[in-house]
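Protein chains in written order, with my numbering: chain A, -13 to 363; chain B, 411 to 723.
Errors might be hidden in some of the hints.
To be verified - If you anchor each label on the Cβ, the simulated ranges turn out as follows:
| id | chain 1 | residue 1 | chain 2 | residue 2 | range |
| --- | --- | --- | --- | --- | --- |
| 1 | A | 114 | B | 459 | 36 to 46 Å |
| 2 | A | 7 | B | 466 | 12 to 22 Å |
| 3 | B | 626 | A | 159 | 47 to 57 Å |
| 4 | B | 466 | A | 311 | 29 to 39 Å |
| 5 | A | 183 | B | 465 | 34 to 44 Å |
| 6 | A | 232 | B | 546 | 25 to 35 Å |
| 7 | A | 157 | B | 424 | 39 to 49 Å |
| 8 | A | 311 | B | 546 | 33 to 43 Å |
| 9 | A | 77 | B | 424 | 30 to 40 Å |
| 10 | B | 624 | A | 77 | 33 to 43 Å |
| 11 | A | 20 | B | 418 | 51 to 61 Å |
Because the hints were derived from the structure by calculation, they are not lab data. Keep in mind the model is a prediction, meaning the values are calculated, not measured. Each residue gets a CB set at the ideal place from its N, CA and C atoms; glycine is no exception.
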Amino acid sequence: MDFRFDERAEKFRAEVRAFLGEHLTDEVIARVHDTGTVHDWGLHAALAERGWLDRLALDHAEATVLSEELARAGAPADGWGTSELVAHTLQFAGTEQQRAEVVPRIFAGEILVCLGYSEPDAGSDVASVATRAVADPEDPGWWAIDGQKMFTTLAHESAYVFLLTRTNTSVPKHRGLTLFLVPMATPGIEVRAIHTLGGERTNVTFYSDVRVPDSCRVGEVDGAWDVMKVALAFERQAPAQGEASRMLARAESWARSTGRIDQPDVRRRLARVALENEVGKLLSRRSSWLHGSGRMPVVEGSMAKLWASESFRRTSADLLDLLGPEGVLQHGDAGAAAAGWVEHAFRHSQVMTIYAGTSEIQRSIIAERGLGLPRSR
Amino acid sequence: MNLDLDDDQSLLQRTFRQLFARHATPERVRAAEPLGFDAALWATLAQSGVPGLALDGSLLDLALIAEAAGATVAPVPIVDALVATRLLGRDDGLVALAVRPGGDDGIARLVPAGAVARRVAGFDGGALVTVDREPPMAAPVNLGCSPLADVDLRDPSRSVVAEGDAARARYERAVDEWRVLTAAALVGLGATALELGVAYARSRRQFDAPIGSFQAVQQPLADVATALDGARLLVYEAACEETADLASMALAFAAETAQAAAGVSLHVHGGYGFMLEYDVQLFFRRAKAWPLALGDPARELDRLGDLRYGAVA
């Protein structure tokens, strides 16, 4: 048992830091903050050039180090995250054509893919989606899609949406779903911005008589659930533990610069955050270690995601209290404590216990698949 | 990075888990109360090389043994003896460690294992010392049924092992090892407490269903399972790295996690969990009591703050 990365991985860490020093400029950070679009094409292309966009192609230590460093530095990676997980899902369940034509473009950093799962009435119960895909009786080999998707983050920058649809209403809900990889340029798709508490922009997307050929289908007709189980597990792989360590570092420099670092309550609370971050780091590293050594960390992935997101929500709230009245001043105001980043973390952390499976869903996975308790639903 | 135990460590873990499962049954744990010492179990452990194996084993090896002992709340002071053996560098049998230095009067208060050890190692007046005495074999009535006793570190039998800064550093390192091994024992304790709660939730039926199928019951158990996995990783990391900050983190987090595990498990048992007849109370009491031998676990965070930000003058 060895908790340290080897020399090669630490050398790689230094390389990633140097890369971020060059490509993650203040201008990029400012643009992300101001637009709420947590993606930057320049940075994305630079990552692609290094061959880093496909983390499953790196060795597991390098993949872990890369994810940790990007999150720690605050690199905008939302578009990469969804695109990469769709690429991995296509490698597993896509057609030969999708694997040959779409996957390479994703890893070349040319295109993004957004997720079309959630709907106004389908959140945690994702299998209850109502967006319909109907095989056109007049035009064999074509489908017509109608419906609405919520929280299609980065739809406005994406070339495709990975769309979960209902194709059969006369079977149990999990058995009547079909996935499509739909080009966003297809007529009938409309994207509308949604602005959020955390400052990020997401979207609602509408689909009216969107006609796609059967070659856009991923997996079997009515067979989406088997693909979704894999896709959802990929999504839980990468909890944003690095964001919490960045927040702590900012709070620590605030405490040093104000002299508050010498106060016992301040030290105790900062130490508490350091402890929680260490636990999160270890749970997250275990998950990627298992993944890298050929084991599918379903329960362990849920644990890492649950701890990281719940802890971040808890600690960002406490550190914001610690900053006092100047804590509420936002990034951009000269008087903002810790440059307003703890205030930002406090807002942003609220969504992390919701997306990629709510904490309640993660706990159900842990309780039922990990502890062997009877199914609750 | 490699988060798997090697073959030797897996074998060690399996061996001691089996030993404690066989010999530290809940009946034996109860029979050893209130003193909290089972001499026959200690003799069995001695045949397996305890505490002498502390001289050759890594701290991770010892953490695996402590975790196995904690999983059955075995009524033997194995953590104290392993740490004291490493501190003294020789196998003197059951030696206790005064984890808090002697007071102005030279007396170390409520030393864990102080009631059952012939030899006690401690720190007093700038010196690392041992004292030998006839153990009282009786302890003040206490929450964890621990063999606690005050020990006079200025007893006529006092023998000075080392003095000066080196002595202090050795003692502090031993107390850090005690933190790590106590944390390991607490992780074992918490894991068994969770198993008891899960087993009960699977079998107990109310409202025509096993209560473990209710999300209000499932979710706290899932939180506890998550924290326990985190605590175990933290303990193993602290055992591998042997740094003071990780030792404090491990003890603080294992203490709160073991208490949460035992508390949730007791609660899941409903009224039965409050009955002495059910085993969960054995775990609940010790989860709180073991870390308190050193002091308020929140002080581990204060120490962590000092280690991270420098001591305040």
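* Status of the given 39 to 49 Å range, CB of residue 424/B versus CB of residue 157/A -> The hinted range 39 to 49 Å holds for residue 157/A and residue 424/B, with Cβ atoms some 47 Å apart.
* Honestly, do residue 232/A and residue 546/B meet the 25 to 35 Å range at C-beta? -> Cβ of residue 232/A to Cβ of residue 546/B: about 54 Å, so the range 25 to 35 Å is violated.
* Asked: Would you say the C-beta atoms of residue 466/B and residue 311/A sit inside 29 to 39 Å of each other?
  -> For residue 311/A against residue 466/B, whose Cβ atoms are near 58 Å apart, the range 29 to 39 Å is violated.
* Between residue 7/A and residue 466/B, is the Cβ distance one that fits in 12 to 22 Å? -> Cβ of residue 7/A to Cβ of residue 466/B: about 46 Å, so the range 12 to 22 Å is violated.
* Between residue 114/A and residue 459/B, does the beta-carbon spacing fit 36 to 46 Å? -> Cβ of residue 114/A to Cβ of residue 459/B: about 59 Å, so the range 36 to 46 Å is violated.
* Asked: Has the hinted range 47 to 57 Å been met by the Cβ atoms of residue 626/B and residue 159/A?
  -> Taking Cβ atoms as reference, residue 626/B and residue 159/A lie about 25 Å apart, which means the hint is violated.
* Given a hinted range of 30 to 40 Å, is it respected by the beta-carbon distance of residue 77/A and residue 424/B? -> Given a distance of about 38 Å, which is inside 30 to 40 Å, the answer is holds.
* residue 546/B and residue 311/A - C-beta distance against the hinted 33 to 43 Å -> Given range 33 to 43 Å: violated, Cβ gap about 57 Å.
* Beta-carbon spacing of residue 20/A to residue 418/B - inside the hinted bounds 51 to 61 Å or not -> holds, 56 Å
* Asked: Do the Cβ positions of residue 624/B and residue 77/A conform to the proposed distance bound of 33 to 43 Å?
  -> holds, 39 Å
* Asked: Range hint 34 to 44 Å: satisfied by the CB atoms of residue 183/A and residue 465/B?
  -> Once the Cβ atoms are compared, 58 Å apart, the range 34 to 44 Å for residue 465/B and residue 183/A is violated.
When each numbered hint is compared with the structure, violations occur for hints 1, 2, 3, 4, 5, 6 and 8.
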